[in-house]
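Protein chains in written order, with this note's numbering: chain A, 4 to 156; chain B, 4 to 156; chain C, 31 to 119; chain D, 31 to 119.
Each hint should be verified, as a subset may be incorrect.
What the hints assert, rightly or not - Chain C stretches covered by chain B per the calculated footprint, using a threshold of three residues with CB under 8 Å from any CB of chain B:
1. 32 to 41
2. 103 to 114
Unchecked claim - Computed cross-link-like contacts, SDA-like style, restricted to lysine to any residue with a CA-CA straight-line distance of at most 25 Å:
3. Lys96/D <-> Ala138/A
4. Lys96/C <-> Glu134/B
5. Lys81/D <-> Ala138/A
6. Lys36/C <-> Val64/C
7. Lys70/C <-> Glu49/C
As the list claims (entries may be wrong) - Listed next, with one range per pair, are the computed distances between beta-carbon atoms:
8. Arg140/B <-> Arg73/A: 37 to 43 Å
9. Ala148/B <-> Glu82/D: 29 to 35 Å
10. Gly46/D <-> Gln21/B: 46 to 52 Å
11. Gln75/C <-> Ser69/B: 37 to 43 Å
12. Asp43/B <-> Arg73/A: 21 to 27 Å
13. His103/A <-> Thr34/C: 23 to 29 Å
14. Gln21/A <-> Asp43/B: 27 to 33 Å
15. Phe99/C <-> Arg73/A: 39 to 45 Å
16. Ser26/B <-> Phe99/C: 42 to 48 Å
17. Ala148/B <-> Asp25/A: 44 to 50 Å
In short, the hints are calculated from the structure, not lab data. Backbone N, C-alpha and C define an ideal beta-carbon position, used for all residues, glycine too.
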Amino acid sequence: MSVSLQSEAIDVAAEYAQLVGDSPGAAVATFTGYVRDHSDAHAVTELELEHYPEMARNVLEELGQSAAERFGLSSWRIVHRFGRLAVSETIVWVGAVADHRGEAISACELMMDTLKTDAPFWKREQGPTGEQWVASRDSDTERRARWQSRETQ
Amino acid sequence: MSVSLQSEAIDVAAEYAQLVGDSPGAAVATFTGYVRDHSDAHAVTELELEHYPEMARNVLEELGQSAAERFGLSSWRIVHRFGRLAVSETIVWVGAVADHRGEAISACELMMDTLKTDAPFWKREQGPTGEQWVASRDSDTERRARWQSRETQ
Amino acid sequence: MSITIKLFSALREALGESEFQLDLSDISEASAPVDVAAIKKRLSQRGAEWKEALNQPNLVHALNHKVVFIDAVVSEGDELAFFPPMTGG
Amino acid sequence: MSITIKLFSALREALGESEFQLDLSDISEASAPVDVAAIKKRLSQRGAEWKEALNQPNLVHALNHKVVFIDAVVSEGDELAFFPPMTGG
């Protein structure tokens with residue numbers, strides 16, 4: 004039931020253990036995002052994540068709580084990094100615990116889809132040809148919109 | 004890209020580390036199922052999982068490969084236990100690595116939905132009022148059917 | 031002709047057997063190919079419990095580790111399994 | 031009346047400022063409430079780069095850490111941020 008904004012790498016095993024705790028629900032879903040070595044057509048050697056700290060914390064806490072209510076989660080966690088990240092490093096981790104698999108998996112998907120478009124983080128890619136801000140994707144906006152129209156499954 | 008059928012508890016952290024390896028894709032989704040302390044209205048104190056070993060291995064390998072093709076996975080893993088399981092123990096773990104989050108998450112969901120209805124395992128619950136075989140659920144059959152009609156997202 | 035029969039879960043329990051060889055020399059000499067339906071019919075002759083257990087509506091049959099329809103043709107040395115719907119995961 | 035303005039990402043970079051106080055005593059004395067649109071207009075008077083940066087089609091504005099529409103009313107001590115669409119996760 005918590006959010007972490009951090010510059011350090013995400014310890015996925017420790018996050019998982021803490022999420023599940025002593026008495027797990029029946030269903031635990033997680034998602035981890037990593038820095039890719041490419042973006043569309045060009046190579047990426049490093050990523051810088053700028054963020055708006057106070058707002059990011061608020062947005063992530065609200066979206067975690069919203070997913071928890073919608074899918075009846077007994078536990079959830081969102082970890083997002085900021086600062087300079089090398090290729091193959093973790094960027095984001097979300098986890099959800101529920102009574103049934105559908106809820107746990109959908110909650111992770113909802114948290115990720117909402118986070119992508121609503122949480123104030125901005126990626127700046129560095130590559131052999133220079134630096135550039137990452138443009139937002141229409142596909143992310145479309146995935147986000149699904150949650151407003153779709154019935155809970 | 005592999006299946007494990009085992010009587011021992013699932014080491015989720017070790018499975019995750021092995022799935023991701025040295026060069027992760029951008030998106031890693033996992034699902035873990037645990038033994039619940041209840042089933043519908045009655046209490047459960049222990050679970051016994053019977054299975055058909057040769058067929059179970061075949062079915063799980065085929066469904067992993069099928070998810071890998073459908074969602075372009077760079078790596079996947081399915082671990083399923085058999086034998087006697089105490090409450091709160093792990094039953095099943097699936098993991099998928101893809102280039103994008105939608106594919107990784109959907110692959111986990113597909114693997115779990117298909118596994119529930121197609122893999123030859125049978126749960127027998129033990130509780131204060133005796134033992135009984137778990138009945139299959141219409142909701143599982145319905146979730147399974149979605150994948151035949153739904154477009155890849 | 032002989033095949034291996036396997037039974038699982040509630041079916042294994044109800045019938046008290048998990049695996050046995052079934053000799054089908056007599057029916058395989060007929061002109062029609064031997065299918066799963068013919069084997070169900072043969073096993074149903076073993077008694078009322080067998081008839082009841084093998085004719086429950088949700089019975090699943092797997093031939094050589096793949097779920098098949100009732101008209102699947104069975105050959106020498108095949109492994110045919112009967113069981114209730116799966117409940118793993 | 032004074033508020034805090036914050037700029038992020040490409041906007042911060044293009045305008046060379048990340049945070050500053052903006053005095054709105056003159057416009058807040060008028061009868062109409064001061065909204066985000068009025069502040070965009072005021073900041074656009076700082077020069078061509080400001081006008082261009084603040085009028086890009088996808089600009090997002092957040093008032094006290096929540097995304098708001100352009101007609102949101104701004105009060106003394108508020109924090110108003112401008113930035114491009116988010117690209118985290």
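Quick rundown of the hints versus the structure:
Counting residues of the region 32 to 41 of chain C whose C-beta lies closer than 8 Å to any C-beta of chain B gives 4; at least three are required, and the coverage claim holds. As drawn, the region 103 to 114 of chain C meets chain B at 3 residues by the rule of a beta-carbon pair under 8 Å; at three or more, the given contact holds. Simply put, Lys96/D and Ala138/A have alpha-carbon atoms about 21 Å apart, close enough for the 25 Å limit, and the pair holds. Among the hinted pairs, Lys96/C with Glu134/B is inconsistent with the structure: their alpha-carbon atoms are about 29 Å apart, more than 25 Å.
In summary, the hint linking Lys81/D to Ala138/A is supported, as the alpha carbons are separated by about 21 Å, within the 25 Å threshold. A threshold of 25 Å between alpha carbons decides the hint, and for Lys36/C with Val64/C the separation of about 17 Å falls inside it, so the pair holds. The hinted pair formed by Lys70/C and Glu49/C meets the criterion: a straight-line CA distance of about 15 Å does not exceed 25 Å. Take Arg140/B and Arg73/A: their Cβ atoms lie about 22 Å apart, and the range 37 to 43 Å is violated.
Under the hint 29 to 35 Å, the C-beta atoms of Ala148/B and Glu82/D, about 53 Å apart, miss the expected range. In this structure, Gly46/D and Gln21/B meet the distance hint of 46 to 52 Å, their C-beta atoms being roughly 48 Å apart. The beta-carbon spacing between Gln75/C and Ser69/B, approximately 39 Å, falls within the hinted interval of 37 to 43 Å. For the pair Asp43/B and Arg73/A, the supplied restraint of 21 to 27 Å holds, since their beta-carbon distance comes to about 23 Å.
A hinted range of 23 to 29 Å for the beta carbons of His103/A and Thr34/C is inconsistent with their spacing of about 37 Å. Between Gln21/A and Asp43/B the Cβ separation comes to about 30 Å, which falls inside the hinted range of 27 to 33 Å. For the hinted restraint 39 to 45 Å between Phe99/C and Arg73/A, the CB-CB distance of approximately 41 Å keeps it satisfied. Ser26/B and Phe99/C have their C-beta atoms about 44 Å apart, which keeps the hinted 42 to 48 Å range intact.
Between Ala148/B and Asp25/A, the C-beta spacing of about 37 Å breaks the proposed range 44 to 50 Å.
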